[in-house]
Amino acid sequence: MNAPILRVDDLSVEFATREGAVRAVRNVGLEVFAGRTLALLGESGSGKSVTAQAIMGLLDTPPASITSGSIMFEGTDLVTAVERVRRQVNGEGVAMVFQDALSALNPVYTVGHQISELLRVRRKMSRSAARARAVELMERVRIPAAARRVDDYPHQFSGGMRQRIMIALAVALNPRVLIADEPTTALDVTVQAQIMELLTELQRENGMGMVLITHDLGVVAEVADDVTVMYAGRIVERGSVEELFEHAAHPYTRGLLRSMPRTDREDDELWAIPGAPPSPVLTPKGCAFHPRCDIAIDLCRSEQPGLEVIAAGRTSACHLRAEVFDGRA
Amino acid sequence: MGEREIVLEVDSLVRHFPVGGGLLSRRRGAVQAVDGVSFTLGRGETLGVVGESGCGKSTLARTIVGLDSPTSGHVRYRGVDVHAASGRELRAMRRSVQIVLQDPYTSLNPRKTVRDLLTQPFEIHPDVLPRDRRLSRVKELLDVVGLNPDHLDRYPFQFSGGQRQRIGIARALALEPEVVVCDEPVSALDVSVQAQVVNLLRRLQRELGLSYVFIAHDLSVVRHISDRVAVMYLGKVVELGDRREVYERPQHPYTRALLEAVPVPEPRGRASRARTLLAGDPPSPVDPPSGCRFRTRCPKAQSVCAETEPVLRIGSTPAAEVACHFPEQTPLARLGGA
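In the order they appear, the protein sequences are chains A and B.
Using the working numbering, read the first sequence as starting at 1190 and increasing by one per residue.
Using the working numbering, read the second sequence as starting at 637 and increasing by one per residue.
Quick caveat, the hints were computed from the structure, so don't treat them as lab data.
This one's a predicted model, so the numbers in the text were calculated from it and none came from an experiment.
Just so you know, even glycine gets a beta-carbon here, dropped at the ideal spot from N, CA and C.
Treat the hints loosely; a few may be bogus.
Beta-carbon label-pair distances, calculated as ranges [said to hold, decoys possible]:
| id | chain 1 | residue 1 | chain 2 | residue 2 | range |
| --- | --- | --- | --- | --- | --- |
| 1 | B | 741 | A | 1456 | 24 to 34 Å |
| 2 | B | 747 | A | 1468 | 15 to 25 Å |
| 3 | A | 1254 | B | 784 | 42 to 52 Å |
| 4 | A | 1254 | B | 878 | 51 to 61 Å |
| 5 | A | 1331 | B | 761 | 53 to 63 Å |
| 6 | A | 1208 | B | 761 | 48 to 58 Å |
| 7 | A | 1455 | B | 720 | 52 to 62 Å |
Coverage of chain A stretches by chain B, computed from C-beta distances (three or more under 8 Å per stretch; other residues unrestricted) [claimed, not checked]:
| id | stretch |
| --- | --- |
| 8 | 1216 to 1225 |
| 9 | 1371 to 1384 |
Here are some chain B residues pointing at chain A (derived, C-beta under 10 Å) [unchecked claim]:
| id | residue |
| --- | --- |
| 10 | 893 |
| 11 | 901 |
| 12 | 938 |
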């Protein structure tokens, strides 16, 4: 494999709150390769979206602050980069698709204006060339009658069509990395499938690296190449999608996989992980997952396990990683 | 099947919402949210209702429990028309048919403690339980749904999403209902918590003999909790049958598309999986297509589909009804294996 386009190392993000500093992301590292999709899998409060916001430079500082780590994109550390460089990278280097297109698009401008404005400012295109390119982009994301709809406002589109427009905006400057934060969560099932297909198609075409942030194991299984599982701000497990689904090396991943309801079976009792994800304000001592873990031992209650290699390309942050990995625990 | 004890009957239910029409203009039409839905629910049974946004499933839920009135048609609880009942009959019906809402973050009053939230039903129906026995009943309810009875004086924000949904369930059960309408009860919850709530609902059903109408926008959870499944599209039921029939041998092209759209949680072999994706979004329920409402997105549509509306009737097996001129006969290819 070649060198990663984007490399995050030891990233930690804190939020200042009235109850003290909340460590939302703790020592997270990840690598994004051209043409590959990395799924960042986690539930609410896992730190997956904060990680994405840190990469995009979208954190409000304060209350947020990056307390450690680097985000390397083509030799530049985005954590320390000056504003001008940072802005250059956004859109052309790394671009993002958000969950909620209705709030990500500006309601008072036509969608054509929003796409062409980006092209005029960043690509110095003329008004007419930018507009023509906007129509092309809308056609590319398969918006029917794009030439006519370019002058419509966001509210005039359905949820799925708005999501397509946001994707058109995100790929307008041919980014090398696309971060998609729950891109289909707010959409209907049949529309979800269309959007995921569009994203993977654009990725193949442009050779982009993709970071897919999601809580949906089904979507991960369909499109990801590599998976990083996050829990309570930390990475708990990493691996290729096939291996991770077949041999989970962390009890949390294993529990998630077992608790997923399937359409091809009738289970009278679903497998459930007890309890709920911890609040970032009050993360349990030791391994953050231990209160919900079915195999926790005393060590798990006192000591935070490190993220260690268990097999080629596989890491797990569990004191019993070997036992979980080969099915002994 | 013969001795099924019917507790709830929905009969040709229609709910239209007028749109447009300011003070001076005429009415311009209606959102046909629910347009002729019929089914029966037996004691101890669960009917799953599945459909995408705008298909009318939430309006159906609200109309069943009496939060909304039908434009025409009837909902009968043990033979009594829910929307025509008054006096004692109405009170009895309201006790017996309860609802659990989707969003535990907005359906619980944030300024009330759990104690307040759970005693409220007894204040509305004071004859159910004498005042001095209510507190012990409330504690019992918390215990039944798996919450700590010592947390009686906490506020909703002090609980996680899953715990809040348990409070919502406890409140629905307070008056010992017979029918509970669950409107997307797990959609807002984390994956690891969804299964807990589904298991809780099943256990309560077994222990208390409850009947459920379980509404959801995706098919995966529904299969595990339902005996029968109704698939809705733009205000109509397009397929209704035993869960196994609907999942293994879906006859309506929409049901098949919904099932094929569910991602398969097995990465191996994904490249060779073929699936038919529907084009476009569901059309507006204000001005639905003529004939079969699904025809604009249907891969099998022909001219008859635009002219004649297909009625829901027994298809290739008596275990399922389908509203389609060209129902599928073949089982759905098992994409997931297992």
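Hints, verified against the model:
Roughly 28 Å separates the CB atoms of residue 741/B and residue 1456/A, a value that falls within the hinted 24 to 34 Å. Between residue 747/B and residue 1468/A the C-beta distance comes to about 21 Å, which sits within the given range of 15 to 25 Å. For the hinted restraint 42 to 52 Å between residue 1254/A and residue 784/B, the CB-CB distance of approximately 36 Å leaves it violated. Between residue 1254/A and residue 878/B the beta carbons are some 57 Å apart, a value that agrees with the proposed interval 51 to 61 Å.
At roughly 54 Å, the beta carbons of residue 1331/A and residue 761/B sit within the given window of 53 to 63 Å. For residue 1208/A and residue 761/B, the hinted distance range of 48 to 58 Å is not satisfied, since their beta carbons lie about 40 Å from each other. Evaluation of the 52 to 62 Å hint for residue 1455/A and residue 720/B yields a failure: the beta carbon distance comes to about 38 Å. Counting residues of the stretch 1216 to 1225 of chain A whose CB lies closer than 8 Å to any CB of chain B gives 0, so the stated coverage by that chain is violated, three being the minimum.
Closer than 8 Å: that is the beta-carbon criterion, and the stretch 1371 to 1384 of chain A has 7 residues meeting it against chain B, so the requirement of 3 holds. Interface restraint check: residue 893/B against chain A, minimum CB-CB distance 6 Å, threshold 10 Å, status holds. Against a cut-off of 10 Å between C-beta atoms, the interface hint on residue 901/B holds, since the closest Cβ of chain A lies about 5 Å away. Below 10 Å, beta-carbon pairs count as interface contacts, and residue 938/B has none with chain A, the closest being about 21 Å; its hint is therefore violated.
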